[in-house]
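Peer 1: Line by line, the protein sequences are chains S and C.
Under this note's numbering, residue 273 is the last one in the first sequence; the count climbs by one each step, no gaps.
Under this note's numbering, residue 334 is the last one in the second sequence; the count climbs by one each step, no gaps.
One or more of the hints may lead you astray.
[Unchecked claim] Calculated pairs, DMTMM-like style, for lysine to aspartate or glutamate (alpha carbon to alpha carbon, straight line, at most 25 Å): (1) C/Lys19 - S/Glu178; (2) S/Lys262 - C/Asp43; (3) C/Lys17 - S/Glu261; (4) S/Lys263 - C/Glu10; (5) S/Lys266 - C/Asp90; (6) S/Lys266 - C/Glu89; (7) S/Lys266 - C/Asp33; (8) S/Lys9 - C/Glu151.
[To be verified] A few chain S positions that, by computed beta-carbon distances, are all more than 12 Å from chain C: (9) Met27; (10) Phe139; (11) Gln237; (12) Ser255.
Honestly, the hints are just simulated from the structure, not real lab data.
Glycine included, every Cβ here is placed at the ideal spot set by N, Cα and C.
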Amino acid sequence: MRNDLFLIKEEIKKNIKILLCYPVEIMFWAIFPVLWVIPFIFQGEALVGGVTSSEFGKLAGTDQFIPFVLIGAIISTYLFSSLYGMGGSIRMESYWGTLEYILGSPARKISILMGKALSESISSTLFVATQMVICIFGFGLTLTVGKILPILLVMLLLVAGLYGMAIALAGVTLQIKESRSLVHTIEYLFYLFSPIRYPVGIHPMIAAVSVLIPLTYALVAIRGIWLLNQSVSVLWQYVAILALLDVVFITFGYSIFYFMEKKVRKSGVVAQY
Amino acid sequence: MDITNAIVAEGIVKVFKKKARRKHIIGPKIGKDELVYAVNKVDMKVRKGELFGLLGPNGAGKTTLVKCLSALLLPNEGTAVINGHDIVEDPIAARESIGITTGGERTLYWKLSGRDNLRYFAALYGLSSDEANQRIDYLMKIMGLLDKQYERIEKYSTGMRQKVSICRALIHDPPVLLLDEPTLGLDPSFSRFIRLFIKKDLNEKQGKTILLTTHYMDEADQLCDRIAIMNQGKIVAVDTPENLKKSIPHDEVLEVKCLGHADFEGIGQRVYSQSEDGVQVHRIHSENVEEIMSEVIKAADSAKILSMNVTKPTLEDVFIHLTGTRLTGEFNEE
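Could you put together the complete structure from these sequences and hints?
Peer 2: Dropping the structure here:
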């Protein structure tokens, strides 16, 4: 157990040190999601003639269009930067020629994956923290201290499910080597079917599919706490579903990784770039 | 449990699927998918404390065999027992017994220091932080890397990177080492250091069992207690270097160097030719080389003979004798 913790620590240290060698990457993830959201804010303002809309409020439960979109941008950045990072991490290990040494070591793969997932969380947290500072000081988004803990609880549950998805993605990357297009696909499906940019009530099909996506529950719960001043006890069903989805995703993710690792060892793909 | 052998491979087969080419990206396939037998029914025993060479040309299947033995690749058939642990049934225990290094520079984290690299790999092999530090201090000292330990790998020379790779293989002090082309691409001084370290320190002093793959015949000849000659996925002979050389039915080879084209086919039992820096080098196997010299001079025709030497058979000659092809490994000793 102690040695597993040492391995997780070394994995995090390694990834953070390598990330710090590429400051442009950090700038990209911190700034781009905010720049991305600005056209939607301007578009919304142009369409409804201001920063609030009663029509929007009927669907979203809040008429505050800008905070709604900003929260969607922040949470989705956390999700996608982690997914890109995890897939990219396996890809880079393969490119560096170190993947064979990792897979050929006696270490428990779950410890390596935990280390990788945690280091992605650390870097994603840094990106999102930068984004939040920009949102608070640049766009007037407010956050009271009392809301931080409940929001963190929901975030933790989202992150646990995210780890399951990321581990599955790492397994798939062992086989297909390049996972960016797969993450792009997931990203656009999530943009379409979860309430990142708009409330899912906008279309019955979107609402039906959104119930399968953990991000939906996390966004509804976080916006409820942040914008509508709801407590966790009111939002308990969203929190419970998130926790249930975590178990499903982590079990599924590790099973996929284990299966893919065995498959690439058998096919010999493990030794290819 | 086998107490005399550290590595026992039984009937290992590793097959890769080579997909048929397509005329266009989405067009029909030209031909059929092929099965390539990279390792084909290999049986091998390496005794404890032995320095065992696997000699063969590029593409012979040496690296694939090493990857199977290290439990990185799953064999399609057969298995191997490393230090008492089956690589298929108990790969984790087998991996704990093995230190591995493969040729090629890009197997380390170039943006990390030599020390950070080794700490990470120490963690992968279950060492604690203190154990890792002690082991890294010891290994970097004997490799002469202490003064460069905090520099990034990207600033190291090729030879220094190979030294770090060897430190990585030794980080958990394993009883069995799989060294795949450890001197590939190194300059002569680094090659000599690595060879001496393998032979004197790791094998003779520490008693480690070493499987060394190489396509440098002289390296195998100088270092190994026994050699397996591998070609096209199969082991074609296993013995000591001396016995292998004795296995050739004649104990002398005529080496002829000449400028220009000369055809010596039909002289002696076997002729093998190659070009080295514009000079044609022909090795002619014959039971009595002195008798064929006059035939050689006559057959040289317009080509200018630079030298004719009667030499003892080398492992290259053994390889030619067994397979009909050359090893083509140039030895980079000073």
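Peer 1: With 12 Å as the threshold, tell me whether glutamine 237 of chain S passes as away from chain C on beta-carbon distances.
Peer 2: holds, 42 Å
Peer 1: Tell me if the straight-line CA distance from lysine 263 of chain S to glutamate 10 of chain C falls inside 25 Å.
Peer 2: holds, 22 Å
Peer 1: So if I understand the rule, the pair passes when the alpha-carbon distance is 25 Å or less; does lysine 9 of chain S with glutamate 151 of chain C pass?
Peer 2: The given pair, whose Cα atoms are some 21 Å apart, holds under the 25 Å limit.
Peer 1: Keeping to a limit of 25 Å between CA atoms, is the pair of lysine 17 of chain C and glutamate 261 of chain S held or broken?
Peer 2: Holds - the C-alpha atoms of glutamate 261 of chain S and lysine 17 of chain C are around 18 Å apart, at most 25 Å.
Peer 1: Compare the distance between the alpha carbons of lysine 262 of chain S and aspartate 43 of chain C with 25 Å, and conclude whether the hinted pair is satisfied.
Peer 2: holds, 24 Å
Peer 1: Run the distance test for lysine 19 of chain C versus glutamate 178 of chain S: straight-line Cα separation, threshold 25 Å.
Peer 2: Holds. Lysine 19 of chain C to glutamate 178 of chain S sits at ~19 Å (cutoff 25 Å).
Peer 1: Mind checking the alpha carbons of lysine 266 of chain S and glutamate 89 of chain C for me, to see if they're no more than 25 Å apart?
Peer 2: Within the cut-off at roughly 14 Å; holds.
Peer 1: For the pair we were handed, lysine 266 of chain S and aspartate 90 of chain C, check the Cα-Cα distance against 25 Å.
Peer 2: At roughly 16 Å apart (the allowed maximum being 25 Å), aspartate 90 of chain C and lysine 266 of chain S satisfy the hint.
Peer 1: So if I understand the rule, the pair passes when the alpha-carbon distance is 25 Å or less; does lysine 266 of chain S with aspartate 33 of chain C pass?
Peer 2: The hint holds at about 18 Å.
Peer 1: With 12 Å as the threshold, tell me whether serine 255 of chain S passes as away from chain C on beta-carbon distances.
Peer 2: holds, 18 Å
Peer 1: In terms of Cβ atoms, is chain C entirely out of 12 Å range of methionine 27 of chain S?
Peer 2: Holds: least Cβ distance 18 Å, greater than 12 Å.
Peer 1: Taking 12 Å as the cut and beta carbons as the points, is phenylalanine 139 of chain S off the interface with chain C?
Peer 2: holds, 36 Å
Violated hints are absent here; each numbered hint is respected by the structure.
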